[in-house]
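Undergrad: Here's the letter readout for the chains.
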Amino acid sequence: MKFVAMIFNNPGAFESLPEEERERLMTEADAFIKEFTDSGEFLGGSALADPSTSKTVRLRGGVPAITDGPFAEAKEQLAGYYVLDCENIERATEIAARDPAARLWAVEVRPIMDEAGAEM
Amino acid sequence: MTTHPGARVEDLLRELAPQVLGALVRRYGHFDMCEDAVQEALLAAAVQWPDEGVPESPKGWLITVASRRLTDQLRSEQARRLREEAAAAQVPPDESLAPAPGDEQPPDQDDTLTLLFLCCHPELSPPSQLALTLRAVGGLTTAQIARAFLVPEATMAQRISRAKQRIKDTGVQFSMPPEHERAARLRVVLHVLYLIFNEGYTATSGPHLERSELTGEAIRLTRAVHRLLPEDGEVAGLLALMVLTDARRPARTRPDGALVPLTEQDRSRWNRDLIREGVALVTDALARAPIGPYQLQAAIAAVHAEAARAEDTDWPQILALYDLLERISPNPMVTLNHAVAVAMVRGPQAGLDLLETLDADDRMAEHHRLAAVRAHLLEMTGDHEAARAGYRLAARRTTSLPERRYLEARAAGLSEDDP
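Top to bottom, those sequences are chains A and B. Add 7 to a position in the first sequence, counting from 1, and you land on the number used in our numbering. Add 6 to a position in the second sequence, counting from 1, and you land on the number used in our numbering.
Next comes chain A alone, as it looks inside the complex (with noise of 0.2 angstroms):
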């Protein structure tokens, strides 16, 4: 089964860690990405980019309406993502508990939806 694991927090807060603390981070995350690509679950994924940066498109009317900012007015936005092959939803977050976001902030795991699909 696929999952997407998002990871949440304030925008700037790894900005704001003190810098041994990010490189701490980082290392950890490089760890992380690497075990589980190695056990063939981590398929891929990214960082994402200050939602500062963010576009919201709406089309209305055929007219696009393209807004500053990210959809959600959140405190908490998302700073990142990957997506997880392995057997099962207890297993995924077996795998995003040992993702060093999860210790600072929060990541969210949630199945993506199969093409596939049995009769009944």
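For the record, the hints were derived by calculation from the structure and aren't laboratory data. One thing to keep in mind: the hints can contain errors.
Unchecked claim - Negatives, chain A to chain B, calculated, CB over 10 angstroms:
hint	residue
1	15
2	46
3	57
4	67
5	70
6	76
Claimed, not checked - Okay, the calculated beta carbon distance ranges per label pair:
hint	chain 1	residue 1	chain 2	residue 2	range
7	B	365	A	35	26 to 32 angstroms
8	A	111	B	256	50 to 56 angstroms
9	B	339	A	35	38 to 44 angstroms
Unchecked claim - Simulated pairs of lysine to any residue, SDA-like, Cα-Cα distance not exceeding 25 angstroms:
hint	chain 1	residue 1	chain 2	residue 2
10	A	9	B	264
11	B	174	B	79
12	B	65	B	33
13	A	9	B	338
14	A	9	B	403
15	A	41	A	51
16	A	9	B	402
17	A	41	B	156
18	B	174	B	32
19	A	9	B	222
20	A	9	B	79
21	A	62	A	22
22	B	174	B	159
23	A	9	B	65
24	A	41	B	176
25	A	9	B	410
26	A	41	B	168
27	A	41	B	167
28	B	174	B	163
29	A	82	A	41
30	A	9	B	201
31	A	41	B	160
32	A	9	B	148
In this text, all values refer to a predicted model and were calculated from it rather than measured experimentally. Glycine included, C-beta positions come from ideal geometry on N, C-alpha and C.
Go by the hints and put chain B onto chain A.
TA: Same frame as chain A, now just chain B:
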């Protein structure tokens, strides 16, 4: 319809892949390196043969090319090691790495089976077992397997190399498992083949056709095992289950990919040849072999297949088979299907009562299939409001797009009947 020469070559290569690999491993050991060498030889053949023609002895050609790759590889490995171990510069190359041409051909009859046991070793994780089986025994490329499982090629390559490393580390030998382990090890092999089949079968038409080709590959490999172990009832049972299930494939989806439930399928579109084959296989197995879960599931599929119309289904017979299956191989999915059979024979309330036992099961309580079956039985009782809520709950819980569309449609259908 004429067959493309490339397609004929590909079939031949997949057939020969395990034989060539078996011959190499027997001669040189080093399963992991032999497997890479055979892949390279298969790729070379796939490029050359369609244009230049198939050589007189295709197997000999592949063994020669793969052996050459392997010995090159072993020599460079050895050179590397020698460079690293400067002190050991005087060690002569291992004579056995470069055999004389015209070595006696080892028997390859059982190599397919030996390879399957190796690739489905219990020390490997299921995804590794699947990937390695398809590559080493099925002769598929890493890219093909990656596309079938919808993962990046690098991920699939990693799963395969990890599996081979694990085999190397655990020192598993290329030989048949000892007699006392064989039955348990065969169960793992059959389960891997079953998973490969299911992965392909549940794929709908749509953009991922390569995934559905896994069905054919699983049937081909299971046929090979059945040829090698004709007396084994569970091998025959699994093959029967696969062909009987695959027989329904033309009717299980509409052209837009929507799922059609068994009771509403156009049975004239079921594949009669596969049904005949499956029924014969399971009838024969049940008559002479010890009973097992694959045979029982195949027998249930056969009873469905033999009903000309859904309303002709012999539900008492299916119920008796589920009673037996639940006794010899109890699991919540069996209970779920058992409840449907109970409902068809003794009425929906009896089926709903049986479903209640699953509410206490952690694996099932939140499962969309439990909600869907309950909704179906509630619909049979005439409680359309509860059924509608159940279908909606199941639709929210499933992670399959076609299942969600189907369940939403069932809920919407009830809204029209019963506003």
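Undergrad: Hinted pair, alpha-carbon criterion (25 angstroms max): residue 9 of chain A, residue 338 of chain B. Please report holds or violated.
TA: holds, 23 angstroms
Undergrad: Between residue 174 of chain B and residue 163 of chain B, is the straight-line Cα distance small enough, at 25 angstroms or below?
TA: OK: residue 174 of chain B and residue 163 of chain B at ~16 angstroms, within 25 angstroms.
Undergrad: Are the Cα positions of residue 65 of chain B and residue 33 of chain B separated by 25 angstroms at most?
TA: Answer holds: residue 65 of chain B to residue 33 of chain B is near 15 angstroms, not above 25 angstroms.
Undergrad: Hint check: residue 41 of chain A vs residue 167 of chain B, CA-CA at most 25 angstroms. Holds or violated?
TA: holds, 15 angstroms
Undergrad: Holds or violated: are the alpha carbons of residue 62 of chain A and residue 22 of chain A at most 25 angstroms from each other?
TA: holds, 22 angstroms
Undergrad: Can the restraint linking residue 41 of chain A and residue 168 of chain B be considered satisfied, given a maximum Cα separation of 25 angstroms?
TA: The hint holds at about 13 angstroms.
Undergrad: In this structure, is the beta-carbon distance linking residue 339 of chain B and residue 35 of chain A contained in 38 to 44 angstroms?
TA: The hint (38 to 44 angstroms, Cβ to Cβ) holds, given that residue 339 of chain B and residue 35 of chain A are roughly 39 angstroms apart.
Undergrad: Per the stated criterion, does the least C-beta distance between residue 57 of chain A and chain B lie above 10 angstroms, as a non-interface residue requires?
TA: holds, 28 angstroms
Undergrad: Can the restraint linking residue 41 of chain A and residue 156 of chain B be considered satisfied, given a maximum Cα separation of 25 angstroms?
TA: Holds, because 20 angstroms separates the two Cα atoms, which is no more than 25 angstroms.
Undergrad: Evaluate the given range 26 to 32 angstroms for the C-beta pair formed by residue 365 of chain B and residue 35 of chain A.
TA: Hint violated: Cβ distance 41 angstroms, outside 26 to 32 angstroms.
Undergrad: Given the hinted pair residue 9 of chain A and residue 402 of chain B, is their alpha-carbon gap at most 25 angstroms?
TA: Distance of about 17 angstroms is within 25 angstroms: holds.
Undergrad: What's the verdict on residue 9 of chain A and residue 264 of chain B, does the C-alpha distance respect the 25 angstroms limit or exceed it?
TA: holds, 22 angstroms
When each numbered hint is compared with the structure, violations occur for hints 2, 7, 20, 23 and 29.
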